[in-house]
Amino acid sequence: MPVELVLPSLFLEQLRESGGAAIADLLLQAADVDDAELLETLASAVYERSWEKLHCGSWKDVLPMWRQAFGFASFLQAKCLLQHKQPLKCLKMLDMCLMMAGPFAPPESPKLINEVEKQIINAGQLLKPRLDDEMLSIGDEMVAQRPQLQFPVQRMEMPTLEFFRHHVMLQNEPVILTGAMEFWPALGRAAGPDRAWKNVTYLRRVAGLRTVPVEVGSSYMRDDWGQELMTLNEFLDRHIIPLLAKNKSVTSIDDTRSHPSLSKKVGYLAQHRLFDQIPALRRDIIVPDYCTVQRVDDAQDEEDDDITINCWFGPGGTVSPLHFDPKDNLLCQVVGTKYVRLYAQEESEKLYPTEGLLSNTSQVQVEDLDDEKFPQFCHAKYLECVLHEGEMLYIPLKCWHYVKSLSTSYSVSFWWS
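Numbers 27 to 443, taken from this note's numbering, label the letters of the sequence shown in order.
If you are wondering where the hints come from, they were derived from the structure by calculation, not from laboratory data. Quick caveat: nothing in here was measured; it's all calculated off a predicted structure. Each hint should be verified, as a subset may be incorrect.
[To be verified] Taking lysine-lysine and the DSS-like style, the derived pairs with C-alpha atoms no more than 27 angstroms apart in a straight line are: (1) LYS430 to LYS407; (2) LYS376 to LYS407; (3) LYS115 to LYS144; (4) LYS376 to LYS399; (5) LYS407 to LYS86.
[What the hints assert, rightly or not] Taking CB as the label site, the calculated pair distances span: (6) ILE333 to VAL88: 21 to 27 angstroms; (7) GLN197 to PRO136: 37 to 43 angstroms; (8) ASN140 to HIS414: 17 to 23 angstroms; (9) PHE177 to GLU398: 21 to 27 angstroms; (10) GLN145 to GLU63: 36 to 42 angstroms; (11) ILE333 to ARG42: 19 to 25 angstroms; (12) TRP85 to LYS353: 14 to 20 angstroms; (13) GLN145 to PRO305: 57 to 63 angstroms.
Ideal Cβ positions, reconstructed from N, Cα and C, are used throughout, including at glycine.
Between the sequences and the hints, there should be enough to build the whole structure, so can you do that?
Quick look at the structure:
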């Protein structure tokens, strides 16, 4: 059964009032047309105009209705591609819809994605399991030397929510929480190895054909940093698998297919809301109960009640520069290990915050310190830890933190207020 698109009247009204009457008219025509060629023309026109609206200023200033317009336009483009029997291109267009429109994407999108994925399977376009994938387990290797901890973060095994609030959150105390992830299917402990994120074959099957934004370069503070769109399969083949094979000395890689060599630049699938995009992976994790704990009793601000869930997937050596976030954070380690160093907000003056838009990020390169330029940094007090699989690190809001992957690593962060 074809997936029909419903255009909300309030959205169309807002669009007209904000100078988007032409786009509103095009969308109405496209949603009600049967001719495939005309649909393609109309959808393309809306796509181009709404794309311009998304890129005419700062992303944070883009009005929701323009993201919504782009979502509808890319949805219609996807329907055209599906009619032309191009399911892979259709799936990529739907991913563009979900990534750019976010929560404003058409609610019909998941249903169309299911339809497209069925066509891909029926057409035999789903990649077969790879021989070398079965020999590799993500996160088992160690590519960076494990540091000796001088000021270790305190560890607690599943404290009560009340204890967590009074003795951890309200004290702004970083803490490693253990035992709270045992039933996550992503860990493969309770549900078995078939859904474990260490399992390359599983990741390819569930999400391999999906398009994701990958940060390319050493860090967003460096000049070599940029972003590229690629499928998860391409990300694995360029940035993950060659490193795993090299570190494990795997020599029996299947030579019957091309296996791209390791990219010269580091690739990091970082701070992306992957689980909004791919519900199958969302079902592999569980929102920790600690995310329901509020700093203020009877907090009523519904807007801030939302929990933002991001993924962080990359090879060993990936770095998040020293920075802080405006919300409380639980960093949950699913695969591999990470080194984390934390500084209280009171140490900010010694951390040399960057001026301007990146004022939440330090100018200091933690592992390549310029003592002459930043003489006070070495006097800043800090805590540190190595975060292992199945452990959560609570990072208080505005607590500075530097993160480095010691192996191939897959983490999930939960931000809440």
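These are the hints, each one checked on the structure:
1. Straight-line distance between C-alpha atoms of LYS430 and LYS407 comes to about 19 angstroms, which keeps the hinted pair within the 27 angstroms bound.
2. In summary, the hint linking LYS376 to LYS407 is supported, as the alpha carbons are separated by about 9 angstroms, within the 27 angstroms threshold.
3. Between LYS115 and LYS144 the CA atoms are separated by roughly 14 angstroms; this keeps the pair inside 27 angstroms, and the hint holds.
4. Under the criterion of a C-alpha separation no larger than 27 angstroms, the hint pairing LYS376 with LYS399 is consistent with the structure, at around 12 angstroms.
5. A threshold of 27 angstroms between alpha carbons decides the hint, and for LYS407 with LYS86 the separation of about 34 angstroms lies outside it, so the pair is violated.
6. For the pair ILE333 and VAL88, the beta carbons lie near 23 angstroms from each other, so the given range of 21 to 27 angstroms is met.
7. Between GLN197 and PRO136 the CB atoms are about 41 angstroms apart, so this pair conforms to the stated range of 37 to 43 angstroms.
8. In this structure the supplied range 17 to 23 angstroms is violated for ASN140 paired with HIS414, their Cβ-Cβ distance being about 36 angstroms.
9. Against the hinted window of 21 to 27 angstroms, the Cβ-Cβ separation of PHE177 and GLU398 comes to about 25 angstroms, which satisfies the hint.
10. Look at GLN145 against GLU63: about 21 angstroms separates their beta carbons, and that is not inside 36 to 42 angstroms.
11. Between ILE333 and ARG42 the Cβ separation comes to about 34 angstroms, which falls outside the hinted range of 19 to 25 angstroms.
12. For TRP85 paired with LYS353, a C-beta distance near 19 angstroms keeps the hint of 14 to 20 angstroms intact.
13. Here the CB-CB span from GLN145 to PRO305 is close to 19 angstroms, at odds with the stated 57 to 63 angstroms.
Hint violations for this structure: numbers 5, 8, 10, 11 and 13, all remaining hints satisfied.
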